[in-house]
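Protein chains in written order, with our numbering: chain A, 33 to 142; chain B, -17 to 96.
Derived from the structure by calculation, the hints contain no laboratory data. For each residue, glycine too, the CB sits at the ideal point set by N, CA and C. Please note that the accuracy of each hint is not assured.
Output of the computed footprint for chain A on chain B, the stretches with three or more beta carbons under 8 Å from beta carbons of chain A [unchecked claim]:
(1) 5 to 12
(2) 43 to 51
Chain A residues, not near chain B, derived (Cβ > 10 Å throughout) [what the hints assert, rightly or not]:
(3) Glu47
(4) Ser58
(5) Arg60
(6) Glu77
(7) Asp115
Next come the chains, spelled out residue by residue.
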Amino acid sequence: QKEVEQNSGPLSVPEGAIASLNCTYSDRGSQSFFWYRQYSGKSPELIMFIYSNGDKEDGRFTAQLNKASQYVSLLIRDSQPSDSATYLCAGAWGNTPLVFGKGTRLSVIA
Amino acid sequence: DGGITQSPKYLFRKEGQNVTLSCEQNLNHDAMYWYRQDPGQGLRLIYYSQIVNDFQKGDIAEGYSVSREKKESFPLTVTSAQKNPTAFYLCASSIGQGLVQGQFFGPGTRLTVL
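Please put together the full structure from these sequences, using the hints given.
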């Protein structure tokens, strides 16, 4: 059973701080991981993907993948109130649909 | 503009009625998906289709039906057999199974049973 686990939160951080969102997965066979941002009442929006061990940076966002420890993380630097949303982690295993975690709610306090 | 459209945005249904939710994409994606999201919950896969005229059940297919007659379209019917259909319904698409580029979502349809 392929599973992706996330802490539901809420995770509260002050404006300007680094927000760290984490995700663990059950099966080492995953080939790639994706982070989605979902604002309340809206659909998920893809913000990052990573398939190699290590870090991948895109603006204020850094995705980190550690296949040996089976975890994925998303760092948001200089957090803004507009970053307040639910962040979904998803993994890809072979020729099947993405497996999504239940999401972590992030609240950035001004 | 390329993208995924869903209609209607809001839908109200009386108990015992079947309703059909529309999903159209012009991204030339092969695969399409339907998810259900309940308040404070994650995404649950209802059905998915990798190619035209073929589709597979997801985790919660009971009470739902789909068709895939065209590459661009993947409508979802919520039947009267679905006992608790009030939810936010999301359609998504991807190139293949989304291993490289992920899945892209439409804006969603919010269904309420009266």
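* To do: Decide, holds or violated, for the assertion that all CB atoms of chain B are farther than 10 Å from the CB of aspartate 115/A.
  => holds (19 Å)
* Asked: Should the label of arginine 60/A as a non-interface residue stand, given a Cβ cut-off of 10 Å to chain B?
  -> Correct as stated: the minimum Cβ-Cβ distance to chain B is 16 Å, above 10 Å.
* **Three-residue Cβ test at 8 Å for the coverage of the region 5 to 12 of chain B by chain A** => violated (count 0)
* Does the claim that glutamate 47/A lies off the interface hold, with its Cβ farther than 10 Å from every Cβ of chain B? -> At roughly 25 Å from the nearest Cβ of chain B, glutamate 47/A sits farther out than 10 Å, so the non-interface label holds.
* Assertion that serine 58/A lies farther than 10 Å from chain B (Cβ) -> holds (15 Å)
* Asked: Okay, the region 43 to 51 of chain B and chain A, do three or more residues pass the C-beta test at under 8 Å?
  -> violated (count 0)
* Assertion that glutamate 77/A lies outside the chain B interface [Cβ separation over 10 Å] -> violated (7 Å)
Consistency with the previously given hints fails for numbers 1, 2 and 6, ordered from lowest to highest.
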